[in-house]
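Participant: Since the structure of chain V is already known, use the hints to place chain Y on it.
Chains as they are written, first to last, in our numbering: chain V, 1 to 391; chain Y, 1 to 255.
Derived by calculation from the structure, the hints in this document are not laboratory data.
Yeah, the Cβ is synthetic: ideal placement off N, Cα and C, and Gly gets one too.
The reader is advised that the hints may include incorrect statements.
[As the list claims (entries may be wrong)] Here are the in silico distance ranges between beta carbons for each label pair:
id	chain 1	residue 1	chain 2	residue 2	range
1	V	Glu225	Y	Arg226	56 to 64 angstroms
2	V	Ser185	Y	Ala233	52 to 60 angstroms
3	Y	Asn105	V	Asn46	32 to 40 angstroms
4	Y	Pro238	V	Asn46	52 to 60 angstroms
5	V	Asp359	Y	Asp43	37 to 45 angstroms
6	V	Gln371	Y	His109	50 to 58 angstroms
7	V	Met362	Y	Lys87	54 to 62 angstroms
8	V	Met362	Y	Gly166	44 to 52 angstroms
9	Y	Glu240	V	Glu48	40 to 48 angstroms
10	V	Pro178	Y	Glu6	47 to 55 angstroms
11	V	Lys374	Y	Glu6	35 to 43 angstroms
12	Y	Ala233	V	Glu90	42 to 50 angstroms
13	Y	Thr251	V	Glu225	41 to 49 angstroms
14	Y	Asp252	V	Asp359	36 to 44 angstroms
[As the list claims (entries may be wrong)] Selected chain Y positions facing chain V (in silico; Cβ < 8 angstroms):
id	residue
15	Cys19
16	Gly72
17	Ala76
18	Ser136
19	Thr191
20	Val228
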Amino acid sequence: MAKRVGLEVSVAVGDAAKLADVDVVAAYPITPQTHIVEHLAELVANGELRAAYIPVESEHSAMSACLGASAVGARTFTATASQGLELMHEVLYVASALRLPIVMAVVNRALSAPISIWCDHSDAMAVRDSGWIQMFVENGQEAVDNVICAFRIGEDRRVLLPVMIHLDGFSLSHVIEPIILPEQSEVARFLPPYDPPLPLDPEKPVTVGAFAPPFIYTEVKWAQEMTLEGAKEVILECWREFANTFGRHYSPVESYRTEGAKVLLMTMGSLSETAMVAVDKMRDEGKEVGLIKLRLWRPFPFAELRQAVRDAEVLIVLDRALSFGGPGGPVCSEVKAALYREARRPEVVGFVGGLGGRDISMADFEEMVNQGIKLAEAGSEREFEIFGVRE
Amino acid sequence: MVRELEKYLRPGIGVTTYCPGCGEAILMGLILRAIDELGLNMDDMLFVSGIGCAAWIPSPYFNADTLHTLHGRTIAFATGAKLANPKLKVMVISGDGDLADIGGNHLIHGARRNIDLTVICANNMNYGMTGGQVCSTTPVGAVTMTTHQGNPFPPFDLCRLVRAAGAVYVARYAVTQPLPLIRSIKKALQTEGFSFIEALTPCPVQFGRRNKLGKPAEMLKSLMARCVMKERAEKLSPEELKDKIITGEFTDGRD
Numbered sequence: 001m002a003k004r005v006g007l008e009v010s011v012a013v014g015d016a017a018k019l020a021d022v023d024v025v026a027a028y029p030i031t032p033q034t035h036i037v038e039h040l041a042e043l044v045a046n047g048e049l050r051a052a053y054i055p056v057e058s059e060h061s062a063m064s065a066c067l068g069a070s071a072v073g074a075r076t077f078t079a080t081a082s083q084g085l086e087l088m089h090e091v092l093y094v095a096s097a098l099r100l101p102i103v104m105a106v107v108n109r110a111l112s113a114p115i116s117i118w119c120d121h122s123d124a125m126a127v128r129d130s131g132w133i134q135m136f137v138e139n140g141q142e143a144v145d146n147v148i149c150a151f152r153i154g155e156d157r158r159v160l161l162p163v164m165i166h167l168d169g170f171s172l173s174h175v176i177e178p179i180i181l182p183e184q185s186e187v188a189r190f191l192p193p194y195d196p197p198l199p200l201d202p203e204k205p206v207t208v209g210a211f212a213p214p215f216i217y218t219e220v221k222w223a224q225e226m227t228l229e230g231a232k233e234v235i236l237e238c239w240r241e242f243a244n245t246f247g248r249h250y251s252p253v254e255s256y257r258t259e260g261a262k263v264l265l266m267t268m269g270s271l272s273e274t275a276m277v278a279v280d281k282m283r284d285e286g287k288e289v290g291l292i293k294l295r296l297w298r299p300f301p302f303a304e305l306r307q308a309v310r311d312a313e314v315l316i317v318l319d320r321a322l323s324f325g326g327p328g329g330p331v332c333s334e335v336k337a338a339l340y341r342e343a344r345r346p347e348v349v350g351f352v353g354g355l356g357g358r359d360i361s362m363a364d365f366e367e368m369v370n371q372g373i374k375l376a377e378a379g380s381e382r383e384f385e386i387f388g389v390r391e
Numbered sequence: 001m002v003r004e005l006e007k008y009l010r011p012g013i014g015v016t017t018y019c020p021g022c023g024e025a026i027l028m029g030l031i032l033r034a035i036d037e038l039g040l041n042m043d044d045m046l047f048v049s050g051i052g053c054a055a056w057i058p059s060p061y062f063n064a065d066t067l068h069t070l071h072g073r074t075i076a077f078a079t080g081a082k083l084a085n086p087k088l089k090v091m092v093i094s095g096d097g098d099l100a101d102i103g104g105n106h107l108i109h110g111a112r113r114n115i116d117l118t119v120i121c122a123n124n125m126n127y128g129m130t131g132g133q134v135c136s137t138t139p140v141g142a143v144t145m146t147t148h149q150g151n152p153f154p155p156f157d158l159c160r161l162v163r164a165a166g167a168v169y170v171a172r173y174a175v176t177q178p179l180p181l182i183r184s185i186k187k188a189l190q191t192e193g194f195s196f197i198e199a200l201t202p203c204p205v206q207f208g209r210r211n212k213l214g215k216p217a218e219m220l221k222s223l224m225a226r227c228v229m230k231e232r233a234e235k236l237s238p239e240e241l242k243d244k245i246i247t248g249e250f251t252d253g254r255d
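Here chain Y stands alone, though its shape is the one from the complex:
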């Protein structure tokens, strides 16, 4: 992370807890850059996170109000904070396991009630912090510590799920698409209502290693090759779209 963004970190923070090659430290930088570009005051912000690797993005690193809560309950905690103090700009940063599995009910009901929250879901496709187990976003066939013969269950399409539940802004980008992802975070922060961004991030240590996806740099390259923007995807055949991940904005509140 560049020096100019260090002002957003708590003094004394030297290193993060992230494994070598983890995409979540990239995401941390992108979130701070979006906040910086919008000129938001960290004193007006509250960051709510749950349990898991991504929950450590704001807590304890961001020099702002941070509320590090229970596994899965982020959106419920954030709802309480936002409604009790509507002036707070409330951002939820947590992982796929936290937001979509154990906290999946809060996610869809937060979207249904259209609470004014910006939710960043770092999707690394497994439970990274506990050592790499299957979760609701793990691809079919993937090897994890609890699916040694490959995951038999299809994953959630989180963006479709949250959009169907009523979110007004829904987007998906990978950390390998930094500029669109920063733009998306800015837009989500400026959107009134429930905004949701799924940020795809490689987990080389727990997920990549077991699925022979190569070293961190190779995982990043693979993510770059697999992600196609929605507009381009519309022109591709189903054959060409095989193994591709469609990224972009799926709703921005106007449809």
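The shape of chain V in the complex, shown without the other chains:
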């Protein structure tokens, strides 16, 4: 039986990739991701993991090497953050379109300029449309469990798509948490070996990534979209199976103390833990406030979201990224779009906050809820509010 041990979350993420028995890791150092791949390099060096560790010269090369490795049928893992993810950008689209189930931990960090090494979700939002399955985790256990699930989901013949696991930089990646690492044998039973349908193989040559004229490009993209949408069923199936095997449950949209809540707060990532404590306090004070945590970001869980918020009067969405010149935070604008056709829907108020590592405390969440209720009652001319800014 696996024991609960104190582990730095980055190290535990590396251990999860090791438990998944990856064949190839290609990575480039970038703060605050580096501990993950350093740990994997160590596991390879001391013989605990039989894999190729490729210390490439940039993130563009990292994702390209992963793409090559995955195309020959290797189980492939990498990790990055911020500018590293941006440097990978063009390769991300190729990886998803070529249907290569690479798994990547993205340790979320703000984008330059000005240079910031601290957390927000602007890196994740910039690759929103890259065709990868994407989920956000809020603690170390979720990170470990979902790295393991990511391989099973991505490599499923009905899916064959790459998966990003987003975890917050520093406030999650660098903390030491009590984490249960499953036994290798349990993971091996849960995660079958990767069996690619069309690996690059000199015995059976295939053409990968060739030219697509206008008569076929649209069909290829539509097939990709159908697959990503359809992946949700496989994700749900994987999480059900995971719960049966390991006893921990995951769902695309999670609700915390939402029974009878007129006001709902919505968060993503590690701030959800702070928000839960804030909700506890407000509940103790008799306020009807609950929390919605969005775990699955792509494919977007439309039905689950609609169901989760349908009885609320006010939905307050916190984004940790700005869509400059757009309708506010990307998460809030997608939530609004998802609710547009609903006859019964809450008033949605969007906040952007926690940029470049600025903390959002329990008291800040209470303040956000109070402000959100007022804005919902009075109606705001602005599409979103920026929380706690000094003007």
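Facilitator: This is chain Y only, laid out in the frame that chain V set:
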């Protein structure tokens, strides 16, 4: 750094971000001394740097125009600035990881186009800022956070690389050779065209510690013992040159 050079620093700068024993703070002083000896006006200068420890040498410390950019893209940014305003004296200061790894393509193409830039590459033989990982200048066998059993890959000889790509001035000195290094920086600044200086600098915290190279003073002593001037090296046998680093000017635009 001596008080008389403080006029080149932004007011209010008290301490740098460098680890104890880092050679890059020495390099910072040597660069400023070269500028001082040439009597250059900081207002006519632009310092471009990328990401990494060495990128902090000019930014935010130098009291001049500084452009702190993206990892690896220094020479591309500097090329744009120099061509749009040729009157600017443009100096690129960054590390080996920034200039030669992630930015290696810009380095060779900058040299090939012979853009009038002075490039100072602080070579500490690893990615120092992210905690000491292997890079393209790490010696074979060196232990880093991503090569726990020793680096299997041979390093670049940056001077040969950049010279072959077309740079008109190419030199290598260690921070333990301060006078030749100052002279070299002055010469590079006065050379029209792409000038490249590889400045060897000890990284005791991330590199030295893992490779048992001793305390900062011992690393400096070891660097002093290993660096031989090119002219002397020509008279030494391959046996005598084992473990030595050849320093000096490899081209000054006249050959």
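Participant: Tell me if the interface restraint on Cys19(Y) is satisfied: Cβ within less than 8 angstroms of some Cβ in chain V.
Facilitator: violated, 16 angstroms
Participant: Taking 32 to 40 angstroms as the hint, is the beta-carbon distance of Asn105(Y) and Asn46(V) inside that range?
Facilitator: holds, 34 angstroms
Participant: Quick check on a hinted range of 36 to 44 angstroms for Asp252(Y) and Asp359(V), using CB atoms only.
Facilitator: Distance hint for Asp252(Y), Asp359(V) is violated at roughly 54 angstroms.
Participant: Range hint 44 to 52 angstroms: satisfied by the CB atoms of Met362(V) and Gly166(Y)?
Facilitator: Violated, since Met362(V) and Gly166(Y) (Cβ atoms, about 60 angstroms apart) do not stay within the stated range.
Participant: Confirm or reject the claim that Pro178(V) and Glu6(Y) have a C-beta distance inside 47 to 55 angstroms.
Facilitator: holds, 50 angstroms
Participant: Within 41 to 49 angstroms: is that where the Cβ-Cβ distance between Thr251(Y) and Glu225(V) falls?
Facilitator: violated, 56 angstroms
Participant: If you check the beta carbons of Glu225(V) and Arg226(Y), does the distance land in 56 to 64 angstroms?
Facilitator: holds, 59 angstroms
Participant: Minimum Cβ distance from Gly72(Y) to chain V below 8 angstroms?
Facilitator: Since chain V brings a Cβ to about 7 angstroms from Gly72(Y), closer than 8 angstroms, the hint holds.
Participant: Assuming the hint says 37 to 45 angstroms, is it satisfied by the Cβ distance from Asp359(V) to Asp43(Y) or not?
Facilitator: holds, 40 angstroms
Participant: Could you see if the CB distance from Ser185(V) to Ala233(Y) stays within 52 to 60 angstroms?
Facilitator: Holds: the Cβ-Cβ distance is about 58 angstroms, inside 52 to 60 angstroms.
Participant: Is 40 to 48 angstroms right for how far apart the beta carbons of Glu240(Y) and Glu48(V) are?
Facilitator: holds, 43 angstroms
Participant: Given the hint of 50 to 58 angstroms, is the C-beta distance from Gln371(V) to His109(Y) inside that range or not?
Facilitator: This hint holds: roughly 52 angstroms between Cβ atoms.
When held up to the earlier numbered hints, the structure conflicts with 4, 8, 11, 13, 14, 15, 17, 19 and 20 and fits the remainder.
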